[in-house]
Amino acid sequence: MQRRGQFRCGSCSSHVLVDLYMNYIATFFSHFGAMRFHKLCGRAGWVSKPGPVPRDLSSSCGTCVRYQTGDDFFPCGEIPEELEQIVEASDSGYILKYRARGS
Amino acid sequence: MPEEEKLVNRSKEMTQIIAGGLIIGVIASLLVFFGNPSNMGFCIACFLRDTAGALGLHQAAAVQYIRPEIIGIVLGSTLLALAGKEFSPRGGSSPMTRFILGFFVMIGCLMFLGCPFRMIVRLAGGDMNALFGFAGFFLGILTGVFFLNSGYSLRRTYRLPALEGGILPVIEIVFLLLLVTAPAFIHFTEAGGGPGAKHAAILVSLAAGLIVGAIAQKTRLCMVGGIRDIILFREYRLICGFAAILVSALVCNLVLNAAIGGYFHLGLAGQPVAHTDGLWNALGMYLAGFGCVLLGGCPLRQLVMAGEGNSDSACAVIGLMVGAAFAHNFGLASSGEGPTANGKIAVVIGILAVAAIACINTFRREE
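Those protein sequence lines, which keep their order, are chains A and B.
Take the working numbering: the last position of the first sequence gets the number 103, and nothing is skipped along the way.
Take the working numbering: the last position of the second sequence gets the number 470, and nothing is skipped along the way.
The set of hints was computed from the structure by calculation and includes no laboratory data.
Owing to the predicted nature of the structure, the values given are computational and were not obtained by experimental measurement.
Glycine residues also receive a C-beta, built at the ideal position from the N, C-alpha and C atoms.
Be a bit skeptical, because a hint or two may be false.
Stated by the list, open to error - Below, a sample of chain A positions facing chain B; criterion: calculated Cβ distance under 10 Å:
#1 Phe28
#2 Phe29
#3 Gly42
#4 Ala44
#5 Gly45
#6 Pro50
#7 Pro54
#8 Cys61
#9 Thr69
#10 Gly70
#11 Glu84
#12 Lys97
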């Protein structure tokens, strides 16, 4: 059975009940970069949630943003400066979709 | 990734962190049994300070010894990172700022007489002065989190050649050789001369460090990260590791106390390598907590990340060592008799300096 979870929308602060299924995880060079990305997701109308980076994705202890969307995984078409990588969380594990140059 | 699998991963991660914390707590307690100073089975700040003294960076004869635990933590982290293909040489994220932050974190730690790790170890030994330290530490982390949420960033890291990430682990191997060969230019506290003379056998300490380094690499244990994640995300995984350290060290200390005596003494006065000035215990750890949030982790975490190849963390570690040398060369470090006047001035300067670094790297980004 699909779990359901409550999320706070980044743009209007209202709470929405959605299916809890995260397609993408973005990691960042700074916590604030993650929070900005979270807001961008809200502006794009995407459901997103910031949290600690999963251990099986990285040994880094920074902040990630989990979000769900279609094939276009950059919110509002922007590639923020603080974005380190984006992976798709699939049944077979993590699939790298984007990595910042030199990281 | 299916939701069920995510929950399984989360549960597995939590189990690993708690199990790791329990093991580390037992090790911290047993190291005292094997010869380390009381309530100092593990203290990253004290051990870096002792190592700095052994290298002649300060002349406090009571605290000079190359601590194998530090060597073990770095190498344990390196070995596990290499085995897990997680060794990642990187750096370039404001290294000098990290050096300065490391410097002042050490000034704060030596005002309190211990790093966040020893704060837990001291609590497990019944030292209630550590509660004042914890209060300051928590407030320091809150202050740091305020800046994180306001835009603080030391800018991005970059991939570096493997050699760059391997320098600190190689230096630790050199330290091990110096410890074993004990040449005349390395300083060792004479027997009965102070905390530096109290230590477990080299192999015991090294093994302990290797285990702790490997566990900390695997679980990302970090005292600062634990509290920071609770404030930011209501996420309790990391803090569970340190709660586990407290519980297991406490139980181990109580057992040893019942069997031998001298491992648990509840109260404020008469605690080993500690003073009873609550205000300066709190302010010292406030500085340490604030600085550590800006660094991205506690001193233990800096060692572990340096072991993974992060040269920015290596800069922070060098900053911690230089801070320790300054603290003892200029009378900034506290003693069992209390904080010094110079130390109080240094902590106030440290808080101002760390606040300035926070402001500059927060509001610059909003321009």
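Hints and how they fare:
| no. | hint | verdict |
| --- | --- | --- |
| 1 | Phe28 | holds, 9 Å |
| 2 | Phe29 | holds, 4 Å |
| 3 | Gly42 | violated, 16 Å |
| 4 | Ala44 | violated, 21 Å |
| 5 | Gly45 | violated, 22 Å |
| 6 | Pro50 | holds, 7 Å |
| 7 | Pro54 | holds, 7 Å |
| 8 | Cys61 | holds, 5 Å |
| 9 | Thr69 | violated, 16 Å |
| 10 | Gly70 | violated, 17 Å |
| 11 | Glu84 | holds, 8 Å |
| 12 | Lys97 | violated, 14 Å |
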